[in-house]
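Asks: Protein chains in written order, with my numbering: chain A, 25 to 218; chain B, 10 to 324; chain C, 55 to 724.
Rather than coming from a laboratory, the hints here were simulated on the basis of the structure. It should be emphasised that the depicted structure is a prediction, and the values quoted were computed from it without experimental measurement. All C-beta atoms, glycine included, are put in the ideal place defined by N, C-alpha and C. Some clues are possibly wrong.
To spell it out: a stretch of chain A is covered by chain C in this simulated footprint if at least three of its residues, at any positions, have a beta carbon under 8 angstroms from a beta carbon of chain C; those stretches are [claimed, not checked]:
hint: 1; stretch: 117–123
hint: 2; stretch: 136–144
Here are some chain A residues the structure puts well away from chain C; computed CB gaps all over 10 angstroms [what the hints assert, rightly or not]:
hint: 3; residue: H48
hint: 4; residue: L58
hint: 5; residue: K61
hint: 6; residue: V65
hint: 7; residue: R67
hint: 8; residue: A74
hint: 9; residue: A84
hint: 10; residue: G106
hint: 11; residue: E108
hint: 12; residue: A113
hint: 13; residue: P151
hint: 14; residue: G180
hint: 15; residue: G181
hint: 16; residue: E197
hint: 17; residue: P199
hint: 18; residue: R218
Label-pair ranges, simulated between beta-carbon atoms [as the list claims (entries may be wrong)]:
hint: 19; chain 1: C; residue 1: R621; chain 2: A; residue 2: A109; range: 22 to 30 angstroms
hint: 20; chain 1: C; residue 1: D645; chain 2: B; residue 2: L215; range: 28 to 36 angstroms
hint: 21; chain 1: B; residue 1: Q265; chain 2: C; residue 2: E520; range: 53 to 61 angstroms
hint: 22; chain 1: A; residue 1: E47; chain 2: C; residue 2: D645; range: 40 to 48 angstroms
hint: 23; chain 1: A; residue 1: A74; chain 2: B; residue 2: V290; range: 55 to 63 angstroms
hint: 24; chain 1: C; residue 1: I651; chain 2: B; residue 2: A308; range: 49 to 57 angstroms
hint: 25; chain 1: C; residue 1: A437; chain 2: A; residue 2: V82; range: 53 to 61 angstroms
hint: 26; chain 1: A; residue 1: A179; chain 2: C; residue 2: E520; range: 56 to 64 angstroms
hint: 27; chain 1: B; residue 1: R298; chain 2: C; residue 2: P615; range: 43 to 51 angstroms
hint: 28; chain 1: C; residue 1: A437; chain 2: A; residue 2: G181; range: 37 to 45 angstroms
Given next are the chains, with one letter for each unit.
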Amino acid sequence: MAVPRVVSTRFGAGGEKHRHKPEHDRERAAVLNLVRKIIRVGRVTEPHDADPAPLEGVVAATADRLHGSVQVRQVDAGSCNGCEAEFSAAFGPVYDVERFGVRLVASPRHADVLVVTGPVTKNMAEPLVKTFEATPGPKLVIALGDCARNCGVFAGGYGVAGAVADIVPVDIEVPGCPPSPDAIVAALRQIAGR
Amino acid sequence: MSLTGTAVALLQVVLTIAAAPFLVGVMRLIRARLEGRVGPPIVQPWRDLRKLLGKDRMVSDNTGWVFSIAPLVLLASATLVAGIVPFLSTKSALDQVGDLFAVVYLLLLGTVFLSLAGLDAGTAFGGMGSSRAMTITAIAEPTVLVAIFALSVSTGSSNLGSIVAATLAHPATAASPESLLAFAALAVVTIAETGRIPVDNPNTHLELTMIHEAMVLEYSGPDLALIELAAHLRLVVFLGLLSNLFVPWGIATTAQPLQLLGAAVAVAVKIVVLAAVIAIVEVFMAKVRLFRVPELLAASFVLAFLAVTASFFLA
Amino acid sequence: MVGVALGIAAIAATLAMAAGCVLPERARVVWVGILTAASATAGGVAGIAVLAGSARFTANYPDLLPLGGIRIEFDALSAIFTVAAALVAVPASIYGIGYGLHGPSSRPVQVAYPLLVWSLMMVPAAGNVTGLVVLWELMAISSLILVLAEHQHNPEARTAAQWYAVVTHLSLLAIVVALLILAHGAGGESFAAMRSGAGRLGPGVTSVVFLLALLGFGAKAGVVPVHVWLPRAHPEAPSHVSALMSGAMVKLGIYGVVRVGWDLLGGGPGWWGAVVLIVGLASAMFGILHALLASDLKRLLAYSTTENVGLIFIGIGAAGLFASTGNRPLAAVALAAALLHVINHAAFKGLLFLGAGSIHSATGTRDLDSLGGLARRMPVTAATFAVGALAIAALPPLNGFVSEWLLLQSLVHSLPSKAVAVAVAMPVAVAVVALVGGLVAATFVKAFGTAFLAMPRSVEAEQAHESPRTMQIGLVALAGMCVALALAPTVLAEPLRRATVAVAGLSSGRPIHTNGVYLQLSGIQAGLSPLLLATGLGVMMVVALAVVRRRRVHHTVRDIPAWGCGRTLQTARMEYTATSFAEPLQRVFDDVLHPEIDVDVDHRTESRHYIEAIRYRRQTRDAFEQRLYLPLLGVVRRAGDAARRVQNGSIHRYLTFSLITLIVVLIAAR
């Protein structure tokens, strides 16, 4: 069982060295710790608002065809990783966007939604286009964060090719620098319809 | 091949297909709850499949017919196995069509086609997944067949119906050393073949650590739906085999509707319990290195071998 | 009828050889192909007639040779092997027309080919020692000529032929000695006399005869440790000849072991079976591990032949073991599995070698690492090779599965048994068969996947074209045989019974029963219906396709680049190769195989930290060659060098030798 092997040597008052517990003892202790933690913490997910705001127009039609199943591929097109931190928090225990039928997938071929973060750098412009082309329709693109919407503080930078909308068609924008997990969850719930 | 037998087999196939995505939903739910999350509803895998069927099918320029038929072969082999394995009744019509060996080789057929499809995409990761999947399958094979050997020694047959019927007739054999050892061996193989932790991580997004996922990176839409459904089916088939070969009670010995209903409930409970155990254990474990997997499978082989030896020396 | 068919086979083969001698180049190839195919057809008809119930055919030609006559005894066991040879020879001959027009069309090759085909069919029909040895030698020499067919532009072929010539003649020596001891003790050199007189030999003598026969015939069968010629010679021969050598010729070694050990000698103690079983287990493991790592397609197929012969030996050895413990019904099942595998292996290995030949003539290479993308360029070759690969991987519903299933059934149902040897050997045998089965699947996923799928890895592969029509006919015919043998094994139940009954030392009774489309075994509660399995798979595929197609909302987007993680460039150099595919398994079996791995790193001139190129080379040497044969050859060479010191060309020394000899003779003759 893979449990991080923490090797710590502490010295007691008399300077006498405590012996390490044998490894299986430590592993058992770790498993028991985890069990205790699971029981003590219970469920940490916050209750959610009643219903997501409805989408409009073409985007709504596309979202309808997904039937409440939203598979997401995230593309970092040049972000400072602030948006990524918030995005991963949206999938964590507190916000738990997975309860609305949203799941991260490993290939754009499996995805319905591309979540693009950051201003699109010159090096990432072509991979972004390729990712968009590799995603089967019906598909939606979310520009996540201010940089993705309008290049943010990086606007005009020598390495920046433009905002996401300059490279691929954007359907939904989530403002914020970085956007809060709440906002991210709200956008994804709009697509999931739940 | 009697008419009722055929009807039972068909019913079993339909029920298994209907239930398989729910089982995956249950496992995801259990994991989520242990992680402190609410988790997706258990119908979510069905929703995913429904949506995938309506999506575009993308076929890249260097793939050929292998890529196109692989999902069909994979699903067909898993479905056929779902009809052969005795879930509901020992009197399935397909019992004489194929025995445990046929089941094992049918599942291998699916793996082979999926591996070929992984190579057909021509991407680095597809080939990597194929190579790893075939490696694990190849070294899991001895465990499976030797465990079958152990089971068939005590019953004198490798036919699934006969093994189950023999255990029903002599309940004490279920707790015999060879039976327990064979169960342990097959349990390890089940984990390996269904791509669960610690052999493979079905939720991974890092291509370098993938096995099953790497082979299907290129699939989309309806093809992906077939592959996912087949993967769900294989999980049910393996767990169902494990539970009914070793704990067959509840299975129908006739084709009466009421008995079949009872059998369906019984096998569902058994499978869900096993799946729950897997899901819970997964929370406590990390994936092992690829080159540690052979050691795990070697250990399972030793268990299977001991099972045969026990069946000989303790008989 | 059998006699007439065999006569026609002989006449057609003679005509084919004549055609090979006199006709001009193009006509020669065509006529040799047609006449050899006719000869093989006639031979096959004779075999099928005997298997279908005709009486065994015997004939005697006492004055055919100066020393002894030739007897023909064509029974059901012979017929199995003759049919296996004919099964490969007919498609291979047709294939040879197209293949020869672009390749080996010289006179010696075209004369030797019909002779090889005919002798392959006739070796099992020989009914006395003289006949067997003469036909055996005809087969050996004609195949040797064919191995040398491409020696002018392929120096490898010469080395291969040397190894082949030496091993095959040493094995002939062992066979002749074994049969002479037996004939002497039994009081006659006809098989009938040997069969009835074998009881007069002591147990020690029979065991010596058996071991010598096992050595001699085993060398022809290519089992460990006398297999070394096989992975050298089979790849170098023209592909339709490789198909014959792997599909039919190695089977005659198996025939010899069964014929001598369990028919002429009438079976022996249990350890005979155990020895054959152990040889089979070792060959199967050794063969498949080397096939797994091979990246030369024909070498891979040759090693896989060693593996399949190993499986057949496992069946025969298990049968011997069971028979010695008194479980004759089970022995019959094991023997039937082995004999069925003889036929099945002829079909799929013949097919795979012909497929490899198609690839070789289209691309000029056999190296899997520089192939790829051929499925689209050579669709017929690809589809038929796929059938062969699935069949050899023992996947249902193809023919390899049926014989592997039979073999596993016979092994699994050996317990509970009173004999400790059986109880110890069988779990090991099942484990080896299973591991081999898994590795075969990996090997042929590798072979088919890297040769035919994805992008071509070289210009030659990119410019490949489908082979000529005659070659396609050969491929399709053998692929059809693989399917037919799979779906109709119930038809084979009766012929297999006749063949197993012919082996008196092993079996009696009926190993396989048929119940409609079901295959059932005697004394074993197990059933299989390949036909229904195939139907089931087909129906499920159609249903799945219908469900997918019913929802017409989706489009199919074609001709887009594969998803390469957004990389700007996606080339064939990024694909997994055959070498990389086998790498994880190579690491798992590192301790057994000891592959030699060289990694060369070229640094740039500017700095050692910048790397120009990295080359990775992996080579797996044959452990037996390295540890057994090369040292042995070294001893022989040193002995030769020592002898040369005696013979140094000095006339004085020779005169001294003469004088010494004279004195010795005078003293001795006093």
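Asks: Now, for every hint given, state plainly whether the structure supports it.
Replies: So, going through the hints one by one against the coordinates:
no.	hint	result
1	117–123	violated (count 0)
2	136–144	violated (count 0)
3	H48	holds (27 angstroms)
4	L58	holds (32 angstroms)
5	K61	holds (36 angstroms)
6	V65	holds (36 angstroms)
7	R67	holds (36 angstroms)
8	A74	holds (31 angstroms)
9	A84	holds (17 angstroms)
10	G106	holds (22 angstroms)
11	E108	holds (17 angstroms)
12	A113	holds (25 angstroms)
13	P151	violated (3 angstroms)
14	G180	holds (25 angstroms)
15	G181	holds (21 angstroms)
16	E197	holds (22 angstroms)
17	P199	holds (26 angstroms)
18	R218	holds (22 angstroms)
19	C:R621 x A:A109: 22 to 30 angstroms	holds (26 angstroms)
20	C:D645 x B:L215: 28 to 36 angstroms	holds (30 angstroms)
21	B:Q265 x C:E520: 53 to 61 angstroms	holds (58 angstroms)
22	A:E47 x C:D645: 40 to 48 angstroms	violated (27 angstroms)
23	A:A74 x B:V290: 55 to 63 angstroms	violated (37 angstroms)
24	C:I651 x B:A308: 49 to 57 angstroms	violated (28 angstroms)
25	C:A437 x A:V82: 53 to 61 angstroms	violated (44 angstroms)
26	A:A179 x C:E520: 56 to 64 angstroms	holds (57 angstroms)
27	B:R298 x C:P615: 43 to 51 angstroms	violated (32 angstroms)
28	C:A437 x A:G181: 37 to 45 angstroms	violated (55 angstroms)
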